[in-house]
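J.: Given next are the chains, with one letter for each unit.
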Amino acid sequence: MTYGTMEFDRELIVRAQAGDRSAHEAIVAQFSSMVFRLVSRFFRTREDVEDIAQDVFLKLFARIDQVHPDENFPGWLARVTVNTCYDELRKTRRRKIALETYGPEMAGGQSVAPQEPDSMGKARLALQRLDPKLRIPLVLKEVEELSVEEIAKTMGLTQTNVKVRLFRARKKLQTMLGGSEGHSK
Amino acid sequence: MRGLRDFFDAERKRVYQPDAYFTQRVMARLNERTSQESGVWDFIPISTRPVLALALMLIVCFVAVQTFMPQMPQRGIVESFLESEQNPAWSFLYNGTDVPSRQDVMQQLIAPEDQQ
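Top line first, the protein sequences correspond to chains A and B. Counting from 1, position 36 in the first sequence corresponds to residue 37 in our numbering; the numbering is continuous, with no gaps. Counting from 1, position 6 in the second sequence corresponds to residue 35 in our numbering; the numbering is continuous, with no gaps.
Derived by calculation from the structure, the hints in this document are not laboratory data. All the pointers check out, no bait thrown in.
Interface residues of chain A toward chain B, partial, derived using beta-carbon atoms under 8 angstroms:
no. : residue
1   : Ser33
2   : Phe62
3   : Met121
4   : Arg125
Heads up, simulated EDC-like pairs for lysine to aspartate or glutamate below, C-alpha to C-alpha not over 16 angstroms straight-line:
no. : chain 1 : residue 1 : chain 2 : residue 2
5   : A       : Lys142    : B       : Glu40
6   : A       : Lys123    : B       : Asp38
7   : A       : Lys123    : B       : Asp35
8   : B       : Lys42     : A       : Glu146
9   : A       : Lys142    : B       : Asp38
10  : A       : Lys60     : B       : Glu61
11  : A       : Lys142    : B       : Asp35
12  : A       : Lys123    : B       : Glu40
Note that the Cβ used here is the ideal one computed from N, Cα and C, for glycine as well.
Please take these sequences and the hints and turn them into a complete structure.
T.: In structure tokens, the structure reads:
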């Protein structure tokens, strides 16, 4: 999927900037599939995906004045989507760390051994444990199949920075999956 | 790493699609937000609102007191002390009240020179 080549109506953006509600509606109808697809890469439940997709469109319309109609609107929307996902992943990660550090211990956790996840389950857990800074470019590369240049544009980074993050993400995943059964950071 | 490759392949197929009412839900939230953000107070940070409200209230009270309370003549200790030493003929120079007419003033000013 390439966001640079997606078709979009420039007139629609101009109308939306003027506050035309029907234009807003048309933009949501046209781009909701793209946003859902991108958010699905980072969140697993339908409710989470729906909530974040709604937030993306609200953010988009709050900053619609910053969009230049001649620029690549789908690329800009992809960037807003990825940034929203990044913020949410960071919040979730912080909450999880706080819960693991200060939360109550699981009752009976020692008496019943947890079921060993299969190789795909291990991969999913390892990916979830990755820092969102590393996880997002890796998912965009491996699942969304974007080029390094597109990832750089979507995340607002340099291509070198993206390559470094991809390298680190792969190395960490290898350590997690190969070494200590997904428990190392 | 085979598990990881399988996982990425599986992830590629896992995509949610918006339902028929998604657009309506977004529009409802957008309308709700627009109506909420139309107030003047939305431009002011939440933390500063009570302080600003208190300051506004004090200003209104001050203006109301200044407007509706009658002004008392200013006559303090200093004025009453100096008054005894003042020549009644010159009192109009010190006290703004009961200012005589322009001709009276001129006569009072000229009179001592004539006597000299």
